[in-house]
Amino acid sequence: MNFMASKQPENSLLSPESDSQRTLYPYVTGTSVVALKYKDGILMAADMGGSYGSTLRYKSVERMKPIGKHSLLGASGEISDFQEILRYLDELILYDNMWDDGNSLGPKEVHNYLTRVMYNRRNKFNPLWNSLVLGGVKNGQKYLGTVSMIGVNFEDNHVATGFGNHLARPILRQEWHENLSFEDGVRLLEKCMRVLLYRDRSAVNKLQIAKITEEGVTISQPYSLKTYWEFSAFENPAQGAIGSW
Amino acid sequence: MDLEMNLNASHSMGTTIIGVTYNGGVVLGADSRTSTGMYVANRASDKITQLTDNVYVCRSGSAADSQIVSDYIRYFLHQHTIQLGQSATSKVAANLIRLLSYNNKNMLETGLIVGGWDKYEGGKIYAIPLGGTLIEQPFAIGGSGSSYLYGFFDQAWKEGMTKDEAEQFVVKAVSLAIARDGASGGVVRTVIINSEGVTRNFYPSDKLQLWHEELEPQNSLLDLLNSSSPEPMNI
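From first to last, the protein sequence lines are chains L and V.
Take the position in the first sequence, starting the count at 1, then add 11; the result is the number in the working numbering.
Take the position in the second sequence, starting the count at 1, then add 66; the result is the number in the working numbering.
Some hints here could point you the wrong way.
Pairs of lysine-lysine, PhoX-like flavour, derived with a Cα cap of 25 Å [unchecked claim]:
1. V:K273 to L:K237
2. V:K157 to V:K171
3. V:K157 to L:K202
I should point out that these hints are in silico values taken from the structure, not numbers from a laboratory.
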């Protein structure tokens with residue numbers, strides 16, 4: 012199974028200038044993904060924005076997808092690279108199914124595969140410009156891991172990408188605990204997503220929350236969060252110092 | 067790799083700012099987002115700043131540059147009012163800003179829209195973009211969010227609106243820009259200036275109309291799941 016098949020030049024005698032394409036900078040990007048372990052499995056949240064520089068160009072992009080029977084992948088960064096990763100994983104799962112031996116790749120294995128792909132691409136100076144979150148449950152074991160575009164990978168009880176690391180992780184460090192109920196987990200993720208909505212320029216108010224348990228994956232319908240602006244200090248902030256903000 | 071937020075980036079008001087004239091005065095409008103790189107440093111800033119009782123300015127670009135320019139002009143206008151013996155006109159305010167912007171064009175990065183009412187000329191809007199050009203217009207738009215509004219104004223702007231029509235128009239425009247410009251956001255602030263005085267208004271995001279692909283805000287996903295039990299989460 013050669014994951015580089017699609018990228019190899021036809022004639023390997025060609026000079027090195029026949030560069031395969033490389034992502035030098037991202038074009039259409041997704042922002043943070045936040046995920047946590049709870050009693051029955053993993054909960055993951057991501058908004059549905061695809062930004063084009065500072066323009067909020069696409070507002071219905073699904074950045075979380077189920078992988079096989081046991082895993083859920085969320086991605087931030089370049090959307091086209093995420094779609095390419097989904098193609099690689101599709102092939103991986105297909106070959107796994109073709110063994111027809113009753114065994115199936117679990118989240119830990121998928122995470123390891125992704126780590127190898129990301130790290131190898133980084134070594135060729137042709138990265139897949141994404142930060143990935145991989146969560147899943149297999150045989151009662153919960154797994155939640157992350158891989159960055161340079162191949163840094165680790166697992167934890169809660170993970171986030173991009174701005175989520177700065178804004179959501181501190182909230183999770185305070186409020187996460189073992190055996191969260193589904194309701195508490197959702198509320199905790201929504202608290203994180205609301206802060207991101209206030210403070211991340213590329214956030215969009217339309218999100219999905221996904222859950223994965225032993226039974227399988229469910230991704231919610233898209234919905235929006237209420238925001239709070241009614242602080243008295245917001246109404247006339249420059250009152251004490253005209254010309255300030 | 068975007069794990070680094072540039073927390074030392076200068077404060078820039080990405081912004082959407084608007085000024086329109088109507089049949090009795092002017093309406094100024096702005097969003098409320100001030101960003102430091104990709105971080106929203108202030109989600110409720112006030113970008114419409116008072117210069118005199120009857121002249122206000124909408125600020126965009128560098129937060130520091132626009133503040134210092136408006137501070138100087140407020141100071142000059144105060145002296146001017148004393149020497150003149152009556153309120154300054156919006157034309158004088160605009161020209162003073164032009165002088166500072168033009169003569170310091172290599173150092174400043176701020177685009178301003180001046181709006182005011184005086185007894186000689188009524189309601190007037192002056193745009194002073196980067197470089198220090200002064201241009202009097204029936205309406206003006208500025209800031210990064212304005213890119214998304216040129217088509218809207220071309221199609222929907224009309225001369226001689228009433229006060230309420232003009233204000234609703236400004237709120238709609240800022241709200242449309244906020245929907246598409248990552249550098250604009252927060253609340254919509256408006257300032258109406260006419261012969262009777264000045265009125266400030268405040269429209270939080272959740273009170274604004276929903277645009278394409280935007281959904282009605284909810285308290286939580288749990289409310290949606292509990293209310294629509296026949297149709298739970300789908301793949």
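Structure-based check of all given hints:
1. V:K273 to L:K237: holds (10 Å)
2. V:K157 to V:K171: At roughly 20 Å apart (the allowed maximum being 25 Å), K171 (chain V) and K157 (chain V) satisfy the hint.
3. V:K157 to L:K202: violated (48 Å)
Against the hints set out earlier in the document, a violation occurs for number 3 only.
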